[in-house]
Amino acid sequence: DVKVTQSSRYLVKRTGEKVFLECVQDMDHENMFWYRQDPGLGLRLIYFSYDVKMKEKGDIPEGYSVSREKKERFSLILESASTNQTSMYLCASSFMRRGQAEAFFGQGTRLTVV
Amino acid sequence: DAKTTQPNSMESNEEEPVHLPCNHSTISGTDYIHWYRQLPSQGPEYVIHGLTSNVNNRMASLAIAEDRKSSTLILHRATLRDAAVYYCIPLYNQGGKLIFGQGTELSVKP
Chain A
1 DVKVTQSSRY LVKRTGEKVF LECVQDMDHE NMFWYRQDPG LGLRLIYFSY DVKMKEKGDI
61 PEGYSVSREK KERFSLILES ASTNQTSMYL CASSFMRRGQ AEAFFGQGTR LTVV
Chain B
115 DAKTTQPNSM ESNEEEPVHL PCNHSTISGT DYIHWYRQLP SQGPEYVIHG LTSNVNNRMA
175 SLAIAEDRKS STLILHRATL RDAAVYYCIP LYNQGGKLIF GQGTELSVKP
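Here the protein sequences line up with chains A and B, keeping their order.
Numbering-wise, the first sequence is residues 1 to 114 according to the numbering used here.
Numbering-wise, the second sequence is residues 115 to 224 according to the numbering used here.
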């Protein structure tokens, strides 16, 4: 069964803390993504990685960084958490084959910054 | 990235067909049109994709206009489980960077 696993379902952190959100996929997919989802704002792309050590900024990269040292793992880092980063974070991985991009999503991490 | 325009919301009755439109007038010749949906409290899931021809799979059909500036996702018989937000995403063939717009929130009435 296809699996994208995020390290935590719920997380509460303090303002100013460094926060790591981890995502692991077991499908050998080249592409991995981090999104955040907020009511009324939809699903917004933070960062995209198309290979190990390769990344592209999405629509809202400010305040975030990412790391992809191994193909199966994609980490999202909040260098100094702020209350406006309270959100649902979704990780995904996908393959791209003959024009088809089928992405699989993790269960999400609900992050609250207090 | 190609821009898309979808209705914010649509309603359907159970067991009736639903046609979800999407305008993507700035699409390039190498962009595949993908549709995803997001059920309540879940991550998005892939529905269907196509380039020029109409496509069918077990979930839905995709009708693509001849000029490729618009497409329509067709659910042949809507069920309550089809209530979701549906996203239309043009995607470059050699890329893979999925960017979700606002989508169409479909509600299905019994």
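Everything labelled a hint here was simulated from the structure, so no lab data went into it.
For every residue, glycine included, the Cβ atom is placed at its ideal position computed from N, Cα and C.
Any given hint could turn out to be false.
[Said to hold, decoys possible] Using 27 Å as the maximum straight-line C-alpha spacing, the simulated BS3-like pairs for lysine-lysine come out as follows: (1) Lys3(A) <-> Lys211(B); (2) Lys223(B) <-> Lys55(A); (3) Lys57(A) <-> Lys117(B); (4) Lys71(A) <-> Lys18(A); (5) Lys70(A) <-> Lys18(A).
[Stated by the list, open to error] What the simulated footprint calls covered on chain A by chain B, stretch by stretch (three residues with Cβ under 8 Å from a Cβ of chain B suffice, anywhere in the stretch; the number is not a length): (6) 28-40; (7) 60-73.
Quick rundown of the hints versus the structure:
Of the pairs offered as hints, the one joining Lys3(A) and Lys211(B) holds, with about 20 Å between alpha carbons and a cut-off of 27 Å not exceeded. For the proposed pair Lys223(B) and Lys55(A), the alpha carbon gap of about 43 Å is over 27 Å, so the pair is violated. Between Lys57(A) and Lys117(B), the direct Cα distance comes to roughly 18 Å. Compliance with the 27 Å bound is thereby established for this hinted pair. Annotation: proposed proximity of Lys71(A) to Lys18(A) holds, straight-line Cα distance about 23 Å (limit 27 Å).
About 21 Å separates the Cα atoms of Lys70(A) and Lys18(A), which keeps this hinted pair within 27 Å; it holds. Counting residues of the region 28-40 of chain A whose CB lies closer than 8 Å to any CB of chain B gives 4, so the stated coverage by that chain holds, three being the minimum. For the region 60-73 of chain A, the assignment as covered by chain B is violated, since 0 residues bring a beta-carbon within under 8 Å of that chain's beta-carbons and 3 are needed.
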